[in-house]
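Engineer: Turn these sequences into a full structure, and let the hints steer you where they fit.
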Amino acid sequence: MAASIRSSCGRLSFNVKCLVGNSKFVTDAVTNDKTIFRYRASSRYYNSASTSSGSPRSKWTGRIIGIGVLTATAVGIGVGFRNTTVHDVRESKIPDIKPSRQIRIPTDKSGMKLILYQYQTCPFCCKLRALLDYYGLSYDVVEVNSVFRSEIKWSKYKKVPILAYQAEGKEEQIQLNDSSVVMSILYSHLVDATQTISLINSFYPEVEVFDEIKKKTVNDFANKYYVMYQENASDGKTTDQQLEERTWRAWTDKTLVHVLSPNVYRTPSEAIQAFQYFSQVGEWEQVFSFPMRIFVIYTGATAMYFLGKLLKKRYNLHDDVRMSLYNECDVWVKAIGRKRKFLGGDRPNLADLSVYGVLSSIEGCDAFKDTLERTRIKPWYNRMKNTVQRHEGHATLPSVNKVPAIPEQKS
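Following numbering that gives the first Met the number 0, the numbering of the sequence shown begins with 0 at its first residue and continues without gaps.
Worth double-checking, as some hints may not be accurate.
[Claimed, not checked] 27 Å max Cα-Cα, derived BS3-like pairs, lysine-lysine:
| no. | residue 1 | residue 2 |
| --- | --- | --- |
| 1 | K108 | K152 |
| 2 | K312 | K253 |
| 3 | K169 | K92 |
| 4 | K333 | K368 |
| 5 | K157 | K213 |
| 6 | K155 | K169 |
| 7 | K155 | K253 |
| 8 | K214 | K253 |
| 9 | K158 | K213 |
| 10 | K214 | K169 |
| 11 | K368 | K338 |
| 12 | K108 | K253 |
| 13 | K97 | K112 |
| 14 | K340 | K384 |
| 15 | K157 | K253 |
| 16 | K155 | K97 |
| 17 | K377 | K253 |
| 18 | K236 | K333 |
| 19 | K308 | K253 |
| 20 | K92 | K158 |
| 21 | K158 | K377 |
| 22 | K253 | K215 |
| 23 | K158 | K214 |
| 24 | K340 | K312 |
| 25 | K312 | K368 |
| 26 | K308 | K157 |
| 27 | K215 | K157 |
| 28 | K152 | K169 |
| 29 | K236 | K253 |
| 30 | K152 | K112 |
| 31 | K253 | K112 |
| 32 | K215 | K152 |
| 33 | K215 | K155 |
| 34 | K333 | K253 |
| 35 | K108 | K236 |
| 36 | K157 | K97 |
| 37 | K308 | K158 |
| 38 | K236 | K338 |
| 39 | K384 | K236 |
| 40 | K112 | K155 |
By construction, these hints were calculated from the structure, which means they are not laboratory data.
Structural biologist: The structure is reproduced here in structure tokens:
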């Protein structure tokens, strides 16, 4: 399958050949202002594509918003490509596990069966739930035991959230990893339902990058903050709005989230209070025996108290870590400005949902209460909470765009 793709960031065009089943991803890129990475199946390495003029023709004209930029480069992390592979959406057989609870939205007509494997108070899980709830998508929740993690033993990917997707009338389930990638995939599909989840997922290959802060090679996903849809589909955003959304989504993952733990576990008493809150909202009484729950609360609180001190040093936070949290929240409010309800304008965009989701993970902690009192974020946060809980994003979804469906080739 080949595609001619244009970018909103400088008229980017290239051919894409994608065989999802074989996890092959080949791009020949033409660009005037962005670095594009080419995956060669023979060598299994990404390399910078050369620049030339002209746009290749193909059977399908599509739109990928800024594809080809590795996520970490946008947020100041040094990137070095290693032996990289395209993420195989069929990497693990998903077992049938009884859900902890089921979220059912009567107005959901998406035809998607979704199973969310999560920790209730994980910031990245909260971020993904914010999107699911805002757009009124039904889903099952499998609460993962944070000690034994037996619910995700089947998965090669060991982080949460994991989202299992099954199309209506289909038997095959597809595993989707990384909260930001999953948000991009689901939003892309909601904008242009003629694109399959499997196809969209193929545009987010898993790669290895060198993290300058951690001083080691880590796995990440290319293009994770970019939405993918065909040329004739649109969510109405301008190029500048798309760039702003991507920038603040990356900021959420690379800056905001790192000020949470040192604040939540600032003192021993705050650490214990936080774990008691996590136990309550995570319904740990259904996951752990009473002795194990007490052990997890006090052992976890002790460990996280000391870890918070290490994270404070790693991310160069203020001696009073509350100031770092307050400052970042005020930076966010300043970015929204006085004339907008949300960063997305009159309704939230993916950056709004990301920031809200991350902050909601500490809603019952002292750090959150202090933040609402000491910063200007409270009005925005309350607006977000109201619109997410009311599933107001459902009314904003475009109808299925009248563009030709993309046939998937099987090897």
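Engineer: For every hint, state whether the structure bears it out.
Structural biologist: Cross-check of the supplied hints:
no.	hint	verdict
1	K108 - K152	violated, 32 Å
2	K312 - K253	holds, 15 Å
3	K169 - K92	holds, 15 Å
4	K333 - K368	holds, 20 Å
5	K157 - K213	holds, 19 Å
6	K155 - K169	holds, 23 Å
7	K155 - K253	holds, 24 Å
8	K214 - K253	holds, 15 Å
9	K158 - K213	holds, 18 Å
10	K214 - K169	violated, 43 Å
11	K368 - K338	holds, 26 Å
12	K108 - K253	violated, 34 Å
13	K97 - K112	holds, 14 Å
14	K340 - K384	holds, 13 Å
15	K157 - K253	holds, 20 Å
16	K155 - K97	holds, 20 Å
17	K377 - K253	holds, 22 Å
18	K236 - K333	holds, 21 Å
19	K308 - K253	holds, 18 Å
20	K92 - K158	holds, 16 Å
21	K158 - K377	violated, 31 Å
22	K253 - K215	holds, 16 Å
23	K158 - K214	holds, 20 Å
24	K340 - K312	violated, 35 Å
25	K312 - K368	holds, 24 Å
26	K308 - K157	holds, 25 Å
27	K215 - K157	holds, 18 Å
28	K152 - K169	holds, 24 Å
29	K236 - K253	holds, 24 Å
30	K152 - K112	holds, 21 Å
31	K253 - K112	violated, 30 Å
32	K215 - K152	holds, 25 Å
33	K215 - K155	holds, 20 Å
34	K333 - K253	holds, 18 Å
35	K108 - K236	holds, 24 Å
36	K157 - K97	holds, 19 Å
37	K308 - K158	holds, 23 Å
38	K236 - K338	holds, 18 Å
39	K384 - K236	holds, 23 Å
40	K112 - K155	holds, 22 Å
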